[in-house]
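For the record, the sequence lines run as chains G and Y.
With our numbering applied, the first sequence covers 188 to 389.
With our numbering applied, the second sequence covers 303 to 509.
One should not assume that every hint holds.
[As the list claims (entries may be wrong)] Here are the computed distance ranges between Cβ atoms for each label pair: (1) G/GLU317 - Y/LYS360: 40 to 46 Å; (2) Y/SER393 - G/GLU317: 41 to 47 Å; (3) Y/ALA443 - G/GLU216: 42 to 48 Å; (4) G/THR270 - Y/SER417: 24 to 30 Å.
[Said to hold, decoys possible] To spell it out: a stretch of chain Y is covered by chain G in this simulated footprint if at least three of its residues, at any positions, have a beta carbon under 8 Å from a beta carbon of chain G; those stretches are: (5) 320-330; (6) 364-372.
Source of the hints: derived by calculation from the structure; they are not laboratory data.
Ideal Cβ positions, reconstructed from N, Cα and C, are used throughout, including at glycine.
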Amino acid sequence: MSTSASATALHLIAITDSDLVLRAIAGREDGFEELVRRYQRPIAAYVYRMVGDYDSALDLTQEVFIKVYASLERYRPEYKFSTWIYKIAHNAAVDHLRRYSTREQALVSDCEGTAYDLPIESNRPTPEQESERRERRAEIEAVVDQLPPAYRELVVLRHSHDLSYDEIAEVTALPLGTVKNRLFRAREVMRQHFLQRGITGI
Amino acid sequence: MKGKSFFVTSADAKVPVCCKGEEIAAYLDGELVEASRTEFEQHFKECASCAAQLREQKHLLCALDFALGDERSLPLPPANFARIVAAHAQSDMRGVRASSEHKLALWLCAALALSSALLIGGAGLGESVIVPVGAVMKPLATIMGFFLNTLYNAGTGLVVISRVSANLLFESRPLGLVGSLLLISALGLLPRLIISYHRRSSSARIT
Numbered sequence: 188m189s190t191s192a193s194a195t196a197l198h199l200i201a202i203t204d205s206d207l208v209l210r211a212i213a214g215r216e217d218g219f220e221e222l223v224r225r226y227q228r229p230i231a232a233y234v235y236r237m238v239g240d241y242d243s244a245l246d247l248t249q250e251v252f253i254k255v256y257a258s259l260e261r262y263r264p265e266y267k268f269s270t271w272i273y274k275i276a277h278n279a280a281v282d283h284l285r286r287y288s289t290r291e292q293a294l295v296s297d298c299e300g301t302a303y304d305l306p307i308e309s310n311r312p313t314p315e316q317e318s319e320r321r322e323r324r325a326e327i328e329a330v331v332d333q334l335p336p337a338y339r340e341l342v343v344l345r346h347s348h349d350l351s352y353d354e355i356a357e358v359t360a361l362p363l364g365t366v367k368n369r370l371f372r373a374r375e376v377m378r379q380h381f382l383q384r385g386i387t388g389i
Numbered sequence: 303m304k305g306k307s308f309f310v311t312s313a314d315a316k317v318p319v320c321c322k323g324e325e326i327a328a329y330l331d332g333e334l335v336e337a338s339r340t341e342f343e344q345h346f347k348e349c350a351s352c353a354a355q356l357r358e359q360k361h362l363l364c365a366l367d368f369a370l371g372d373e374r375s376l377p378l379p380p381a382n383f384a385r386i387v388a389a390h391a392q393s394d395m396r397g398v399r400a401s402s403e404h405k406l407a408l409w410l411c412a413a414l415a416l417s418s419a420l421l422i423g424g425a426g427l428g429e430s431v432i433v434p435v436g437a438v439m440k441p442l443a444t445i446m447g448f449f450l451n452t453l454y455n456a457g458t459g460l461v462v463i464s465r466v467s468a469n470l471l472f473e474s475r476p477l478g479l480v481g482s483l484l485l486i487s488a489l490g491l492l493p494r495l496i497i498s499y500h501r502r503s504s505s506a507r508i509t
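With the sequences and hints as input, model every part of the structure.
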């Protein structure tokens with residue numbers, strides 16, 4: 188059973204997203220399942236970064252895929268499928284935040300200025316360096332989490348999902364200039380924050 | 303602050319910023335066309351302020367890529383998530399995609415309802431239709447009976463009151479006269495009181 192399932196999955200790997208959509212529309216169940224398999228991690232990660240809660244992120248991810256399935260026929264293959272699905276995920280996350288906005292959003296500037304000095308270059312990470320890296324990653328993630336959602340989303344789409352400015356504009360329905368400006372401002376806010384907390388090497 | 307030495311902000315450098323920060327960011331994000339990129343690169347060689355800004359932004363971008371680019375730190379969806387989600391989506395009624403499918407479903411439901419009604423009618427009107435209708439009518443009849451009973455009681459009450467007042471009026475004259483005068487004046491005053499009360503309450507609502 189599992190062998191045949193993995194064989195099906197293997198033969199679907201080479202198929203493009205658009206062809207999988209066509210397959211799903213034609214009623215082939217494996218087409219949609221493969222699409223879910225391809226995008227479940229990035230969509231769950233994106234939604235998780237937006238809402239900050241694992242259970243809600245999984246529920247929202249499921250909701251996103253149900254919406255995707257319900258509107259598959261409206262998908263136009265001249266657009267990238269990934270942009271389209273991120274757009275649906277964006278709407279779901281924004282709706283969720285609007286309804287249950289409990290996250291602390293403002294970057295707090297009055298943090299205790301504990302000085303960190305973490306080196307950026309390290310070719311062969313020792314266990315100590317490895318734990319330093321983890322610590323630094325957590326530190327940066329915490330700062331991203333504290334950004335207002337409108338800023339955080341752009342930073343996440345750019346750095347976690349590698350979307351271009353055009354794609355981000357498409358997903359968030361913002362003008363290109365706003366994306367460019369907000370992304371820059373978000374990074375500036377973070378840089379100032381790191382400065383105030385004395386975190387160097389960033 | 304110890305970390306401050308690593309940053310050369312435009313305020314620290316006290317040099318007019320010729321390149322806008324967001325343009326430098328766009329350059330680093332690979333969002334500039336070839337010609338602008340070459341122009342920028344030439345400019346960075348000549349302008350210390352922009353080169354410093356470029357360095358600062360680059361460090362931050364690397365840090366963000368490093369922290370956010372690795373999704374291994376995030377919790378994973380469960381192993382069979384794709385299968386479950388696909389099954390949910392396919393069984394969800396909202397997943398009926400085309401509006402023609404919605405219409406077809408409605409037509410089918412209507413046809414089924416009609417055919418079942420016809421079948422019920424054919425298979426013994428008495429047992430299948432009249433019995434349920436009777437079951438509905440029974441409580442309705444009880445309610446109607448209760449209503450009529452109340453009306454009857456009110457009527458008899460009125461009759462008793464009028465008989466008592468007539469007795470008072472005709473048997474013991476002075477007391478009856480006073481009593482009936484009081485009753486008549488009270489009946490006359492009652493509508494006025496009601497009207498003035500309603501006026502007051504409506505004007506209070508307006509203000």
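Item to check | Enumerated hints in conflict with the structure, sorted upward | outcome: 1, 3 and 4
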